[in-house]
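Chemist: Sequence:
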Amino acid sequence: MKIASVAINTNIKELDKIYDYIVPVELEELISRGMRVIVPFGNGNKKLEAVVLSLDESETYENINLKHIDEIADYEIIINDEMLDLANYIKNKYICTTYEALKLVIPTTTILKRDTQIKLIKRDKDLANKYELLNHIEENFISIKKVENRIGKKINNSTLLKLKKLGIIEVKENISNGIKAKTEKVYFLINKDKALDFVINNKNKTLEKQCIVLRELIKDDKAFTIKEIIDRANVTKAVVKSLVEKGLLGESTVEVYRNPFDRNYYHSKVELNEEQSNAVKVILESHTNGNNVTLIHGVTGSGKTEVYLELIERMINEGYGAIVLVPEISLTPQTVERFKGRLGDKIAVLHSRLSDGERFDEWRRIYRGEVNIVIGARSAIFAPVRNLKLIIIDEEHEHTYKSEITPKYDAKDVAEFRISQMDGILVLGSATPSIESYYKAKNGQFNLVEILNRANNSILPEVNIIDMREELKNGNRNIFSQQLVEEIRNNLELKNQIILFMNRRGYSTFVSCRSCGFVAKCRDCDVTLTYHYYNNRLSCHYCGREYNVPNTCPKCGSKYIKYFGAGTEKIEEEINNLFPAAKVLRMDMDTTRKKGAHENIYKQFKNGEADILIGTQMIAKGMDFKNVTLVGIISADTSLNLPDYRSAERTFQLISQVSGRAGRGEKIGKVIIQTYEPDNPILNFAKEHDFISFYNYEIQMRRMMNNPPYTDILYVLLTSSNENELIKFSHEIKNILDRDYKNELLILGPSPCHISKIKNTFRWNIIFKGDVKLYYNKIYELFNYILKNKPIAFSMDINPVNML
DNA sequence: AGCACGCCGACT
DNA sequence: GTCGGCGTGCTC
Numbered sequence: 001m002k003i004a005s006v007a008i009n010t011n012i013k014e015l016d017k018i019y020d021y022i023v024p025v026e027l028e029e030l031i032s033r034g035m036r037v038i039v040p041f042g043n044g045n046k047k048l049e050a051v052v053l054s055l056d057e058s059e060t061y062e063n064i065n066l067k068h069i070d071e072i073a074d075y076e077i078i079i080n081d082e083m084l085d086l087a088n089y090i091k092n093k094y095i096c097t098t099y100e101a102l103k104l105v106i107p108t109t110t111i112l113k114r115d116t117q118i119k120l121i122k123r124d125k126d127l128a129n130k131y132e133l134l135n136h137i138e139e140n141f142i143s144i145k146k147v148e149n150r151i152g153k154k155i156n157n158s159t160l161l162k163l164k165k166l167g168i169i170e171v172k173e174n175i176s177n178g179i180k181a182k183t184e185k186v187y188f189l190i191n192k193d194k195a196l197d198f199v200i201n202n203k204n205k206t207l208e209k210q211c212i213v214l215r216e217l218i219k220d221d222k223a224f225t226i227k228e229i230i231d232r233a234n235v236t237k238a239v240v241k242s243l244v245e246k247g248l249l250g251e252s253t254v255e256v257y258r259n260p261f262d263r264n265y266y267h268s269k270v271e272l273n274e275e276q277s278n279a280v281k282v283i284l285e286s287h288t289n290g291n292n293v294t295l296i297h298g299v300t301g302s303g304k305t306e307v308y309l310e311l312i313e314r315m316i317n318e319g320y321g322a323i324v325l326v327p328e329i330s331l332t333p334q335t336v337e338r339f340k341g342r343l344g345d346k347i348a349v350l351h352s353r354l355s356d357g358e359r360f361d362e363w364r365r366i367y368r369g370e371v372n373i374v375i376g377a378r379s380a381i382f383a384p385v386r387n388l389k390l391i392i393i394d395e396e397h398e399h400t401y402k403s404e405i406t407p408k409y410d411a412k413d414v415a416e417f418r419i420s421q422m423d424g425i426l427v428l429g430s431a432t433p434s435i436e437s438y439y440k441a442k443n444g445q446f447n448l449v450e451i452l453n454r455a456n457n458s459i460l461p462e463v464n465i466i467d468m469r470e471e472l473k474n475g476n477r478n479i480f481s482q483q484l485v486e487e488i489r490n491n492l493e494l495k496n497q498i499i500l501f502m503n504r505r506g507y508s509t510f511v512s513c514r515s516c517g518f519v520a521k522c523r524d525c526d527v528t529l530t531y532h533y534y535n536n537r538l539s540c541h542y543c544g545r546e547y548n549v550p551n552t553c554p555k556c557g558s559k560y561i562k563y564f565g566a567g568t569e570k571i572e573e574e575i576n577n578l579f580p581a582a583k584v585l586r587m588d589m590d591t592t593r594k595k596g597a598h599e600n601i602y603k604q605f606k607n608g609e610a611d612i613l614i615g616t617q618m619i620a621k622g623m624d625f626k627n628v629t630l631v632g633i634i635s636a637d638t639s640l641n642l643p644d645y646r647s648a649e650r651t652f653q654l655i656s657q658v659s660g661r662a663g664r665g666e667k668i669g670k671v672i673i674q675t676y677e678p679d680n681p682i683l684n685f686a687k688e689h690d691f692i693s694f695y696n697y698e699i700q701m702r703r704m705m706n707n708p709p710y711t712d713i714l715y716v717l718l719t720s721s722n723e724n725e726l727i728k729f730s731h732e733i734k735n736i737l738d739r740d741y742k743n744e745l746l747i748l749g750p751s752p753c754h755i756s757k758i759k760n761t762f763r764w765n766i767i768f769k770g771d772v773k774l775y776y777n778k779i780y781e782l783f784n785y786i787l788k789n790k791p792i793a794f795s796m797d798i799n800p801v802n803m804l
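Start counting the first sequence at 1; every next residue gets the next number (full-length UniProt numbering).
Hints in this document: simulated from the structure, not taken from any laboratory. Please read all numbers here as calculations on a predicted model, not as lab measurements. Just so you know, even glycine gets a beta-carbon here, dropped at the ideal spot from N, CA and C. Be aware that one or more of the hints could be misleading.
To be verified - DSBU-like, lysine-lysine: derived pairs with alpha carbons at most 35 Å apart: (1) LYS440 / LYS742; (2) LYS595 / LYS759; (3) LYS47 / LYS165; (4) LYS389 / LYS408; (5) LYS162 / LYS119.
Unchecked claim - Computed Cβ-Cβ distance ranges for the label pairs, DEER-style: (6) ASN784 / ASP644: 19 to 29 Å; (7) GLY152 / GLU313: 55 to 65 Å; (8) GLN482 / ASN784: 50 to 60 Å; (9) ASN802 / GLY167: 48 to 58 Å; (10) ILE668 / ASP524: 24 to 34 Å; (11) CYS543 / ARG368: 37 to 47 Å; (12) LYS562 / LEU746: 40 to 50 Å; (13) TYR534 / ASN43: 21 to 31 Å; (14) ASN743 / LYS164: 50 to 60 Å; (15) TYR534 / LEU746: 43 to 53 Å; (16) ASP644 / ASP524: 18 to 28 Å; (17) GLU470 / ASN802: 26 to 36 Å; (18) LEU746 / LYS495: 53 to 63 Å.
The task is simple: from the sequences and hints, build the whole structure.
Modeler: See the structure below:
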């Protein structure tokens with residue numbers, strides 16, 4: 001008898017164990033390790049998805065009272081041993097259940113979709129009065145979702161179970177693969193000689209079209225789609241159909257892959273310059289010096305991408321696979337453009353905006369080894385690339401590489417694990433490396449390659465810092481400084497393109513009463529409301545709730561309710577007022593909701609269809625526009641003073657990246673930074689394009705303030721809708737922690753978060769500094785124990801990206 | 001997380 | 001006697 005040990009689909013730690021099931025004889029041949037199955041679980045024998053982790057032969061009969069596996073859920077092994085190891089690493093490193101880790105390595109779209117169906121067996125008037133659902137079902141099966149829609153509320157399992165036990169209804173669960181492979185019909189010659197005969201002997205003019213089709217197929221004897229035949233022979237589909245009826249053409253269905261990007265780009269190979277070739281050399285040699293992680297610090301425009309392309313080409317020529325991570329969707333169109341242009345169809349693309357079907361197809365092309373290069377966002381680090389030998393993480397400082405949902409993995413850590421698994425090499429690249437990575441490179445943990453010249457010898461843009469306090473003094477109350485307006489005008493006249501950066505969307509960022517000081521806040525969040533012009537509504541950027549615009553102050557009734565603080569919408573309006581002839585594009589969350597909107601705006605601007613691009617940080621990354629000569633940073637101060645140890649680093653990175661959009665072509669670029677803190681050292685390092693001085697300054701601050709990389713931070717977020725309980729238990733836990741960890745760790749808090757309420761949920765935090773990785777699990781257990789059965793949730797994160 | 005079991009008080 | 005509220009323990 002075969003016994004399968006499985007991990008069940010649960011996110012509950014207490015349930016996360018290995019469970020054994022008997023493999024029914026008829027499934028013995030079909031089931032293997034790394035395949036999903038459906039198992040009955042718990043008292044109700046609820047059907048759960050599970051992954052088979054091992055199979056054993058059992059001669060004894062002591063296992064006879066185990067439950068049986070219901071059915072298989074996959075038709076092939078979907079998690080190979082390498083990926084199982086990877087999931088195991090995730091589970092141990094980041095606190096999560098086995099299945100939460102496994103979900104990362106399977107294409108999420110093939111997670112099974114469940115459909116419960118019920119039917120009526122016996123009518124019962126009393127019960128029908130009590131349970132409304134009984135009035136909506138008949139003697140044939142109907143989907144529970146349909147019934148829920150009809151009665152307008154959820155039906156819980158216990159009700160179903162009760163009615164089932166009483167013999168009133170029957171319940172069945174359908175489990176099916178949610179996504180089916182896309183198929184396409186193809187047509188081919190059944191017998192070439194027969195077709196040849198037909199063509200030669202035909203005298204009938206009305207069959208001329210059929211002969212044309214046959215000649216095409218004789219010439220190129222393979223299967224064609226109907227569209228291909230129509231294009232080649234210039235006929236309609238009726239012609240093909242009649243050939244099928246005559247028995248001259250065969251028809252069959254094949255699986256096709258959906259194509260997420262058109263492949264009409266071409267990116268030719270560029271001769272590498274000396275610095276670039278040296279980078280390739282150092283990286284390829286990194287194996288031999290025993291350190292296979294390399295950090296490339298290359299200024300914007302230094303041609304890091306060419307280095308990546310060279311490395312990938314060399315790797316695939318030797319039969320290896322590669323993964324390239326890019327920060328997020330904003331980078332995808334242009335990066336993919338370059339990679340596809342050079343590497344063609346050998347590359348698969350994975351990112352969050354793919355449809356379920358597209359993602360499934362790409363995943364399978366990779367899994368089956370049909371492609372061996374993957375480019376994608378964070379989760380692409382889990383792509384099951386065959387023979388993986390090279391991982392490139394571009395813009396390595398980007399915070400999007402760290403997941404903010406459980407498991408809170410860091411793609412950089414995962415990458416290090418994967419290359420150690422395969423003895424591969426890892427390349428981190430950035431114009432503004434993260435303080436942590438640069439520190440590691442300086443200390444010899446990583447190899448360091450610095451490319452300090454732009455590849456095409458274009459010079460870095462001149463940066464001017466404008467003191468907005470002076471503007472005020474001179475009577476300019478506008479969002480734009482005099483100089484910025486002048487520069488915009490000049491550049492418009494010269495037909496150059498301009499980018500204006502404003503890291504806030506909406507029209508104005510807060511609404512306030514001049515007479516009583518009232519500030520419009522979200523009902524459910526500790527957040528001021530942003531006014532949006534396009535729908536004339538106030539909106540909360542944290543929960544999405546929208547409000548009507550008040551005409552009078554809700555507090556004192558005064559008419560002097562005013563809008564303060566500018567967002568991208570306002571900038572757009574001001575520009576339209578100042579330069580009515582200029583063509584303006586805006587790129588922010590509001591204008592890019594639709595699929596393909598990013599690409600559209602990007603292409604339009606790149607093709608010169610607009611003069612000015614206004615946008616939030618999504619325009620800061622990667623985008624390569626040759627004709628942009630002016631970049632205006634409307635307000636540099638927004639991110640500078642946030643209570644987060646990374647705010648200086650983030651501001652420097654953002655300004656450097658936005659500045660890097662200027663002067664990438666032949667023309668010299670100029671950057672204007674508007675600020676109320678012109679003496680701030682961070683801004684001045686950015687002005688001088690001086691990452692190394694910035695690093696030296698910031699690393700001292702980190703040391704002084706005892707922040708990473710000198711320590712690790714464990715951030716525990718406590719949330720509850722009950723504020724009093726939250727405060728009470730936060731302090732109670734703190735007392736226990738002080739008793740147990742006083743000598744081991746520095747414990748800060750409890751204190752309310754910067755944003756102390758979101759969606760009616762109050763937020764407090766406790767912060768640990770020190771060797772937190774040693775105590776991570778123990779502290780988790782403590783919180784878990786104390787908060788069990790309390791109305792308080794907690795989440796833990798090491799060196800979080802977001803501490804607000 | 002569900003669900004069952006069992007102990008105990010309240011109520012026709 | 002019996003209903004139901006919730007504390008406890010289990011899930012192959």
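Chemist: Flag every earlier hint the structure violates by its number, smallest first.
Modeler: 10 and 13
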